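> If you want the building blocks of each chain, they are given just below.
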Amino acid sequence: MSNLMTGAAMVFRTLEDQGVRHIFGYPGGAVLPIYDELKNHKKIKHILVRHEQGAGHAAEGYARSSGKPGVLLVTSGPGATNTVTALTDAYMDSVPIVCLTGQVPTHLIGTDAFQECDTTGITRPCTKHNWLVKDIKELSLILHKAFDVAMTGRPGPVLVDIPKDIQFQKGRYVRPKKIINKSTKNNIEINGKDNDIKAVATLIKKSFKPILYTGGGVINSGLAATRLLRELVSLTGFPITSTLQGLGAFPGNNPQFLGMLGMHGTYEANNAMHDCDLMINIGARFDDRITGKIDDFSPRSKKVHIDIDPSSINKNVAVDLAVIGDVKIVLGKLVSLLKQNGSDFANSNRQKITAWWNEIENWRKKNSLSFVNSGKIIKPQFAVQRLYELTKAQDTFITTEVGQHQMWAAQHYKFDKPNRWMTSGGLGTMGFGLPAAIGVQVANPEKLVIDIAGEASVLMTMQEMSTAVQYELPIKIFILNNRYMGMVRQWQELLHEKNYSESYIAALPDFVKLAEAYGCVGIRANKPEELDRKIEQMLSINGPVIFDCVVDKAENCYPMILSGKPHNQMLLGKKEDKVSNKGKILV
Amino acid sequence: MVKSAYSFATKKEKIEKHIFIVWVDNEAGVLARVVGLFSGRGYNIDSLAVAEVDRSNNISRITISTSGTPKVLQQIKLQLGKLVPVHKVADFPQNKKTLMREMALLKVVSSRSHLEKAKKLCKKHKYAIIDRTGKSYVFEVSASKNEIDNLIKKLQPLGLASASRTGVVAMTKGSEIYKQY
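Protein chains in written order, with our numbering: chain A, -10 to 576; chain X, 10 to 190.
Quick caveat, the hints were computed from the structure, so don't treat them as lab data.
Mixed in with the good hints, there may be bad ones.
What the hints assert, rightly or not - Below, in silico cross-link-like pairs of lysine to any residue (SDA-like), each with a Cα-Cα straight-line distance of 25 Å or less:
id : chain 1 : residue 1 : chain 2 : residue 2
1  : A       : 304       : X       : 32
2  : A       : 292       : X       : 23
3  : X       : 97        : A       : 179
4  : X       : 80        : A       : 415
5  : X       : 80        : A       : 276
6  : X       : 86        : X       : 107
7  : A       : 182       : X       : 86
8  : A       : 123       : X       : 67
9  : A       : 134       : X       : 86
10 : X       : 86        : A       : 77
11 : A       : 304       : X       : 100
12 : A       : 167       : X       : 35
13 : X       : 23        : A       : 305
What the hints assert, rightly or not - Away from chain X, derived, C-beta distances all over 10 Å, residues of chain A:
id : residue
14 : 5
15 : 34
16 : 241
17 : 364
18 : 448
19 : 520
Computed from a predicted structure; not experimentally measured.
Positions of the beta carbon are idealized from the N, C-alpha and C atoms, including for glycine.
This is chain A alone, in the form it adopts within the complex (with noise of 0.2 Å):
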């Protein structure tokens, strides 16, 4: 029977078939047959990591830049364990990935075994679905199905627990040919009913102030839906704003682009999202860091929203127009539609929304993402701005940790194309730049891929160097050295009576040296005229880079809106605004 293998032999028969050509993961007992196995399988190589957690957010790099599944291999217990923050992240930001973990042999299960621990029970609130596999037969039909779970309606992260007496056991290999699951049951669901995307093009047609507000749903739904995105634009003339996993979705440089919204978004963003009379949200959740105090936000608009996750609909705020269905489809058919109306519908339309914009213009002239440049100090905005200028004309990807050089990095990168931004939005997870860096140049081998860091945030995951040095992956690590956790400090600053609680971080390591011993090159630029020749020799080495860029300890990250305030009160980083004893509860 040729069908007939292992369970280890099957779980690299199902990845080949998956198109899987790259797998991030970390050996030990519970897994030992699957990694023996390894060797019969030259197509698929594994990327040995330096601790799970950074499996994990490698897989996610290495989703989001290529719109393919990542995949983990990690060991029982520990190993699992392990990869929970990694895999609340994918859940969290909608990321498929496939976690194969391995566990004690099935007559060992519920003893306490070495090594043991409940994985499915763990990881059961921080995965879409995951599987115990505990009969050879299943085991095929399983990880196939995990795909498939993983990459359909909204995507998100799997787990198949896999104990090592299964690894062992022979059974026969089934590639299902059709898999039923809840989004091929409903399809209705994904396509979006045609009599709802007739509502949004009239309500399209009565707006005088709309604004298109998108996520991350938009770059999920691949690169067709953010072509249709581009064509809703120009044939609307709409403004268009975007959400932090959002960005790259719409050219950051197009005059029709609002900059992100939010609680770091921009002026005209968020004074656009409260004045509005039509707000149409395409794959974003109105998440609490973009609505700010929900009872004010945006007061007068008829809401859309288009979102392939019937759950995210009236959620956090109560809509007048949903559509549920994949992004591309609802926006194919809604431009079509559009169409229809004959070519003078975007001039006609134009017209009607001169008076909004110039209300916008206004807001721009404001330059809310402006700062006080320094001679002396490097101002962190500086440095995004020279890095942007400087790699602009390269197609390159950006990760980023999670802190205030994330919103930095927001603000001042600009992006074209999708796939091209990775940051941990929904779980704020420290320490996902660097590993997931390396997830995106395993995608993307001859790309620039530069992970934008804090300092603090770096140290949580700095260990992966070793592993970007041993597979020659030319990462760039852009360190944005302030000593402090500076969003925590920040907040201390403004809300907390400058009371710096354990933010400064006293003693940091040479991150030069640091870098040297890895075995990989490290850049230190303390002062701005030198800005511009450091971050060129960084782009000159073809090889991983620690960049350690001395910024000013004391700057802070504006335009800022405190939650609990609404969209039309931001903090714009002027001396005189000041916050009130309730602002301070309310962040």
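We have chain A; now place chain X onto it with these hints.
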């Protein structure tokens, strides 16, 4: 004073009672997924009843009695619908349109006169005495949740020694059956 919170809830909304019927694959861990969803997202469970109802298709029916604002109730239904082993979710308001029953086993240990009084109280409902000795009765009572609540309250002074309840099960009235979504 709390220095820092995400935000405070500002509106008080009306709490409604609902019953959700969830048809699921009868597989390991499925109940944990459903119950974990409720605890993880802060929804209430007032009672829970679950058993296999279709052996050939391996389907179990879970009946969850819950309460929440209309927004929360809508979220419960949609979040349940996302779980992979869930086939369909029905949302019944707890009103006259919904048939609701709960079964209880009630053991009363007492004097003969108290046992007779207890029997009299149980007679107001659909009941049976399924075990009897000289000093104890075990009643099987099927009624609404409120009726059983009240019955238990009245039986306590009469020597109620043990009470076991199934939780509410529910069904629509008439010839209609609940279709997918």
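> Need the status of pair residue 123 of chain A, residue 67 of chain X: alpha-carbon distance at most 25 Å?
Holds. Residue 123 of chain A to residue 67 of chain X sits at ~18 Å (cutoff 25 Å).
> Quickly compare the C-alpha distance for residue 182 of chain A and residue 86 of chain X to 25 Å and report which way the hint goes.
Judged against 25 Å, a Cα distance of about 20 Å means the pair holds.
> Straight-line Cα separation of residue 304 of chain A and residue 100 of chain X no greater than 25 Å?
17 Å, holds
> Classify the label on residue 520 of chain A as holds or violated, using whether its beta-carbon is more than 10 Å from each beta-carbon of chain X.
35 Å, holds
> Taken at face value, is the distance from the CA of residue 179 of chain A to the CA of residue 97 of chain X at most 25 Å?
The given pair, whose Cα atoms are some 17 Å apart, holds under the 25 Å limit.
> Beyond 10 Å from every Cβ of chain X: is that where the Cβ of residue 241 of chain A lies?
Per Cβ check, residue 241 of chain A is outside 10 Å of chain X; nearest 29 Å; holds.
> Just double-check residue 448 of chain A for me: nearest Cβ-Cβ distance to chain X has to come out over 10 Å.
24 Å, holds
> Against the 25 Å threshold, does the CA-CA distance of residue 86 of chain X and residue 77 of chain A hold or violate the hint?
Holds, because 22 Å separates the two Cα atoms, which is no more than 25 Å.
> Take the C-alpha atoms of residue 80 of chain X and residue 415 of chain A, compute the straight-line distance between them, and say whether it is at most 25 Å.
22 Å, holds
> Given the proposed pairing of residue 304 of chain A with residue 32 of chain X, does the C-alpha separation stay at or below 25 Å?
Holds, because 23 Å separates the two Cα atoms, which is no more than 25 Å.
> Taking the closest pair, is the beta carbon of residue 364 of chain A still more than 10 Å from chain X?
36 Å, holds
> Just to be careful, I want the Cα atoms of residue 23 of chain X and residue 305 of chain A compared with a cutoff of 25 Å; is the pair within it?
17 Å, holds
Violated hints for the displayed structure: none, as all numbered hints are satisfied.
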